[in-house]
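Protein chains: 2
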Amino acid sequence: MIPSWIDGVPADALSVKDRGLAYGDGLFETVLVKAGQPLLFERHLERLARGSKRLVMALDLPLIERECKAFAAQVNEGVMKLIVTRGDGQRGYAPTADVQPRRVLQASPSPVYPAANAEQGIRLFPCRTRLAEQPLLAGLKHLNRLEQVLARNEWHDTEHAEGLMRDVSGRIVEAVYSNLFMVKRGVLLTPDLTRCGVAGVMRAALLDLAEQNNLPVRALDLDLSDLQKADEVFVCNSVYGIWPVRGFEQLNWPVGPVTRKLQHLVRGLLDI
Amino acid sequence: MIPSWIDGVPADALSVKDRGLAYGDGLFETVLVKAGQPLLFERHLERLARGSKRLVMALDLPLIERECKAFAAQVNEGVMKLIVTRGDGQRGYAPTADVQPRRVLQASPSPVYPAANAEQGIRLFPCRTRLAEQPLLAGLKHLNRLEQVLARNEWHDTEHAEGLMRDVSGRIVEAVYSNLFMVKRGVLLTPDLTRCGVAGVMRAALLDLAEQNNLPVRALDLDLSDLQKADEVFVCNSVYGIWPVRGFEQLNWPVGPVTRKLQHLVRGLLDI
Numbered sequence: 005m006i007p008s009w010i011d012g013v014p015a016d017a018l019s020v021k022d023r024g025l026a027y028g029d030g031l032f033e034t035v036l037v038k039a040g041q042p043l044l045f046e047r048h049l050e051r052l053a054r055g056s057k058r059l060v061m062a063l064d065l066p067l068i069e070r071e072c073k074a075f076a077a078q079v080n081e082g083v084m085k086l087i088v089t090r091g092d093g094q095r096g097y098a099p100t101a102d103v104q105p106r107r108v109l110q111a112s113p114s115p116v117y118p119a120a121n122a123e124q125g126i127r128l129f130p131c132r133t134r135l136a137e138q139p140l141l142a143g144l145k146h147l148n149r150l151e152q153v154l155a156r157n158e159w160h161d162t163e164h165a166e167g168l169m170r171d172v173s174g175r176i177v178e179a180v181y182s183n184l185f186m187v188k189r190g191v192l193l194t195p196d197l198t199r200c201g202v203a204g205v206m207r208a209a210l211l212d213l214a215e216q217n218n219l220p221v222r223a224l225d226l227d228l229s230d231l232q233k234a235d236e237v238f239v240c241n242s243v244y245g246i247w248p249v250r251g252f253e254q255l256n257w258p259v260g261p262v263t264r265k266l267q268h269l270v271r272g273l274l275d276i
Numbered sequence: 005m006i007p008s009w010i011d012g013v014p015a016d017a018l019s020v021k022d023r024g025l026a027y028g029d030g031l032f033e034t035v036l037v038k039a040g041q042p043l044l045f046e047r048h049l050e051r052l053a054r055g056s057k058r059l060v061m062a063l064d065l066p067l068i069e070r071e072c073k074a075f076a077a078q079v080n081e082g083v084m085k086l087i088v089t090r091g092d093g094q095r096g097y098a099p100t101a102d103v104q105p106r107r108v109l110q111a112s113p114s115p116v117y118p119a120a121n122a123e124q125g126i127r128l129f130p131c132r133t134r135l136a137e138q139p140l141l142a143g144l145k146h147l148n149r150l151e152q153v154l155a156r157n158e159w160h161d162t163e164h165a166e167g168l169m170r171d172v173s174g175r176i177v178e179a180v181y182s183n184l185f186m187v188k189r190g191v192l193l194t195p196d197l198t199r200c201g202v203a204g205v206m207r208a209a210l211l212d213l214a215e216q217n218n219l220p221v222r223a224l225d226l227d228l229s230d231l232q233k234a235d236e237v238f239v240c241n242s243v244y245g246i247w248p249v250r251g252f253e254q255l256n257w258p259v260g261p262v263t264r265k266l267q268h269l270v271r272g273l274l275d276i
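In order, the protein sequence lines correspond to chains D and S.
First residue of the first sequence: 5, per our numbering; consecutive thereafter.
First residue of the second sequence: 5, per our numbering; consecutive thereafter.
None of these hints come from the bench; they were simulated from the model.
For identical chains, the list gives no copy identity; a pair is met inside one copy or between any two copies.
Straight-line distance between alpha carbons at most 30 Å, and here's what the computed DSBU-like set of lysine-lysine pairs gives: (1) Lys188 to Lys265; (2) Lys57 to Lys145; (3) Lys21 to Lys38; (4) Lys73 to Lys145; (5) Lys145 to Lys85; (6) Lys188 to Lys145; (7) Lys85 to Lys73.
Using the sequences and the accompanying hints, generate a full structural model.
Shown next, in the form of C-alpha cells:
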C-alpha cells in the first residue's frame, strides 16, 4: 500500500497538537477504491460537507476532492480513509483564530470478508453498549467513536460478523460499522438517525435506489418488536455493500427477495 | 516550553495510525505543575486508572507516573497535558491483539487569567449545546470532546469566562472546562455525574475538603430552579482553582463566605 498523505504530502506522522487527537475534533470518510476511482464519492463528499457545516469547520472541499482523486489513483484497488481535523490547537477547547484544517489520507488493502457473509448472511451480536442521543452530532461520521470501540469489544467470536446497537431509549439505530434495514410486507424500513447513528453513504444510496425501483421505503423509529416482525433484515456499508442478516439471538430470517434484488442493484454501484 | 514527549522520548509528531486520532480512543489529564511538581497528581492518576478500566485499556500506570514526574520536573512551572491512547490501529474499531498504548506529554505555560475571575467572580454563558447521556463514559476525561468544542464555540466575548452546560434532559451538569457547585443554606451542592460530565480532580478534592471541614455536601440532580435558589455559585478546576460565579443570564450572586472559605483552602492545595 502507498504511504499516507498529510496535507497532500507523503507523511506517516502528524503534529501532537492536532485537535483530532486532543478532542476528536474532525470527521472521516472510508471510501472503496476500484480501478483508481473512489466509489460513491459524491455522497462521501456530501456527508463531509454536512459534517463540516455542523462542526463549523471551513474546509476547502474542491481541494479535498482533487487530493482524494489523486490519492485514489495511486491506491488503485483498496480502501482510502480520509480524516479531516480542525488542525493544530493550543490548550483549551476554543480554536485559535488562524487554525488551519488538516487532511490525512490513508490506504489499506480491500478487506477480504467470507463469501458466506453476502451469500448466506450473517448473525448480529446483541451489543449492550447503547448509543447516547445527541441530535447535534447525529448522522455525522465524526471522530468521537468511543461508543463503537466499546461495542466492537463486546464480542470476539467469528460467529457474529456485526453487532446490533440500540440507543439509550432502546430503539434500534444501526450496526457497529453498518446501517440496518428491515423489510416488512414489501416495505423497506430503516431507523431514523436524527438522535444518533451514522448516516451511511450506502444507506443513502439504497434509499435512492429503492425510490428509483418503486420500492416503498421509510426511515422511522424501530425497536426490537419491529425486528421480530420483519420478513427480511440486512446491513450495509460502502465497503462491502449488503450482507443479509440471518440471525439475531433466537430470531432467524431467510435471505429474502428484496435483499437479493438490492444486492444485485448495489453490485452495479460497487463494480465499475 | 520543553518539547513534547511520546512514549518517553522528545517528539512532536505521532503516527497517523494512532487510534486517539481515528476514534478519540484514549484519555487525558491536564495537570498544574509548580516547582517541578505535578499538583493533585494522585487524583489525576486515580481518574486515569478508572478511565482505562472503563475503556479496557491496559496501561502501565507506574511507568506513566514516573514519566509524568520526570516531565514535570523539566516543565518546572506550567501545565502538563498527558494523553494516553490505545495506540496504533488497523482499519476497523477492533484493536489488533498486539496493540500498545501510547503516552503523549505536552507542556504549556501557566495560563494567565484576569485576577477579577477569582476575586469578583465570573459570568456564565448559557450554552445551547446539551450533553448527551452516556453512563458508560460519564465522569471520564476521554478524548471524545466534540460537545465541549461546540459549546465553547457559542460565545466569543470576554464578558463570559465560562459556559453552563445542561444535559439533553435539562439538568445542570457542569461548565465547559470546569465543574460547578452551588451553596444553599450552608450546604454544598454539585451535579451528579453518573449520566454525563467530567468528574474533575478539583471537584473530588473539594468534596474531600468539605467533609474534612464539616461542610455538608451532596452530589445530586440539579436544574435551573436550583440555580435560582442558590445563595452562592462557583466553578472549579485543577488549573485555576475556584472562580465565584456572579452572574448567569438575569441571575446575580454575591461572592459568599463558603466560596471564600473554599478558595482559601484550595490555595493550600495549589500553592506548594
